[in-house]
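Trainee: Here are the chains, one letter per residue:
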Amino acid sequence: MTEAENNSTISAYRKRLLWRNWGGLILLLSLVFLFLLSLKIGTYEISWSMLANILSGNNGDPLLAHVIRQIRLPRACAALIAGAALGCGGAAMQNVLRNPLASPFTLGVSQGAACGAAFAIIVLGAGLPTADSLVPPAFAPYIIVLAAFGGALLTVTVLTLLAFFRDISPESLILTGVALSAFFGAVTMLLQYFASDIEVAGTVFWTFGDLGKARWRDLFLMLALLLPTLFYLWRQGWSFNALLWGNETAASLGVQVNRLRLITLIITALLAAVTIAFLGIIGFVGLIAPHLMRPLVGQDYRYLIPYSALAGAVLLLFADLAARVVMAPVVLPVGILTSFAGAPLFIYLIARNRKNQQ
Amino acid sequence: MSLKAQNINFTYPKTEVLKDISFALQPGTLAVIMGTNGSGKSTLLKIINRLIEPQSGTIFIADNDYRKLTRHELARHCGYMPQKSAAVHCTVFEAVLLGRQALNPERLEAEKGLQQVDEILKLIHLDHLSDRFTTELSGGELQRVVIARALVRKPKILLLDEPTNHLDLINQLEVMSLLKNITHKLNLTTLVVTHDINSALRFADSFILLKKGSLHAAGPKKIITAKIIEEVFKLKSVIAEVAGFPVVVPLEQP
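These protein sequence lines are chains X and P, in that order. The first sequence: position 72 = 73 (the numbering used here), numbered continuously. The second sequence: position 179 = 288 (the numbering used here), numbered continuously.
So here's chain X without its partners, still in its complex pose (with noise of 0.2 Å):
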């Protein structure tokens, strides 16, 4: 018996691993060029060797470098920021809810930012901040955002307690994130119900996820915020790999099962609900990019948890390229885009569902 042949169980996974190298090669690939390419495309349509020049400075036009510089670029790190912090959050929510339909948008947690935002807006004035407005004009813009984190974070509190200390079903967190939804729904109607025309409009805007809302200070926060946290899901893949087997297989593997499971909870919580309070709501990628990439690499979350963060950078690059592109020279809020792709993919991700436990 040759080596080869001895070894023929190592080789194959090796194997295997191959092929995930290269299809995350080729994600990462597709990820700059989409980056380069939105960089490049817009109502300034410029050629690639003006790109170049513009980006390593040696520029001729100061108009376009501004568009290029303070507009496109910020937007374009806006969308690969997000969309990993979305992918990789959808993904390891996916695993420690135990549930495929898992992601911030589905649970409700984006809904509860946006309550929290029409609750800034239009109770405490933060919207277009007049001398009766409860928050000073200069601090408005973070009154905004941090009510908006108070309400995702209020939806994921709720939810955790309930996964947790009731141990509800996958199904019926699920439809506790409908309820959810519904609730604050409801409360943001009411509020609206009260509020003036202007304040109306100023809520429904920031409803829109809009990768243009972001500013350089903005996505600093959020990047801070995601590499850390893509790191430590990154290094428990093995960990959620065992998850997967269920609690008892885990533990029994060394895994501490519920520290495990909290820390994630709160961390891509977090992790959404500050990309939801800068950019909006952007429904569907956390959910999707996970499923995209399980074909190319299985359950095994030392892989899905980077490439769903490519993924998710992937998907919101090429969501806002055809968001701008689509009804130029109106730019749509990529928000509306995903959910658009989103929602007919839910659909059949829950019948997919019923059928596998039939």
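Worth flagging that the hints you see were computed from the coordinates, not collected in a lab. Treat the hints with care, since some could be wrong.
Claimed, not checked - Simulated DEER-style distance windows between Cβ atoms:
#, chain 1, residue 1, chain 2, residue 2, range
1, X, MET190, P, ARG180, 46 to 52 Å
2, P, PRO359, X, ALA352, 44 to 50 Å
3, X, ALA352, P, LYS321, 44 to 50 Å
4, P, PRO359, X, LEU163, 44 to 50 Å
Positions of the beta carbon are idealized from the N, C-alpha and C atoms, including for glycine.
Place chain P on chain X using the hints.
Mentor: Okay, now just chain P, sitting in the frame of chain X:
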């Protein structure tokens, strides 16, 4: 590694499950826990693996109180196989590798780990299925994957909850004889919950009989008599020898 249970008591909110259980097992022993449904067999196994905490009493692993061990250290000593395992969309190789890597994620692809998986797959005759997804396996094959995963990190204590459940006759025999072989070859302390008294009589070295949460009897094969079986299972029987193996034949319809 020796395994000793000392005065284990456990109560679920409304019912008492285990009452003052004590026993000791030496390395190189294949022991079975038997008893009627609801007698607390699985609960006892979970307590030994510290998946649930007893209200009082403790377990000694090689004379060390297991409450002083971390989850990680305990996992190094004990391989555990739960009663039910649903397949996961990963290959057999990955499923077995998990048994080792969940413990040391730092050394991700360490060559030694891969070699260990390869060895164990061959030992349990799973090497031809190595690259198949566990979702495509039969019940018996999946059962063997789970046993392989419990074995791959070379624990000194092996705890298995009904490992022959859902297996056909040939697979039951294969699994039990495998457990007996590795227990003796690797000098393990193996504890198996089972309902199959005949395969237990054939393969096990030691018996732990539970009745309504209490330890009714414990000891080597010779303690299993028609009288004990009647006391524990409320069933009259005779023990006959067939082809050199003791076989319990029930005498009446319960």
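Trainee: The structure should be examined with respect to each hint, and the outcome stated for every one.
Mentor: Hints and how they fare:
Roughly 47 Å separates the CB atoms of MET190 of chain X and ARG180 of chain P, a value that falls within the hinted 46 to 52 Å. A hinted range of 44 to 50 Å holds for the C-beta pair PRO359 of chain P and ALA352 of chain X, which are about 49 Å apart. Distance hint check for ALA352 of chain X and LYS321 of chain P: the Cβ-Cβ separation is about 47 Å, which falls inside the suggested range of 44 to 50 Å. Evaluation of the 44 to 50 Å hint for PRO359 of chain P and LEU163 of chain X yields a pass: the beta carbon distance comes to about 48 Å.
In summary, the structure agrees with every hint in the numbered list given earlier.
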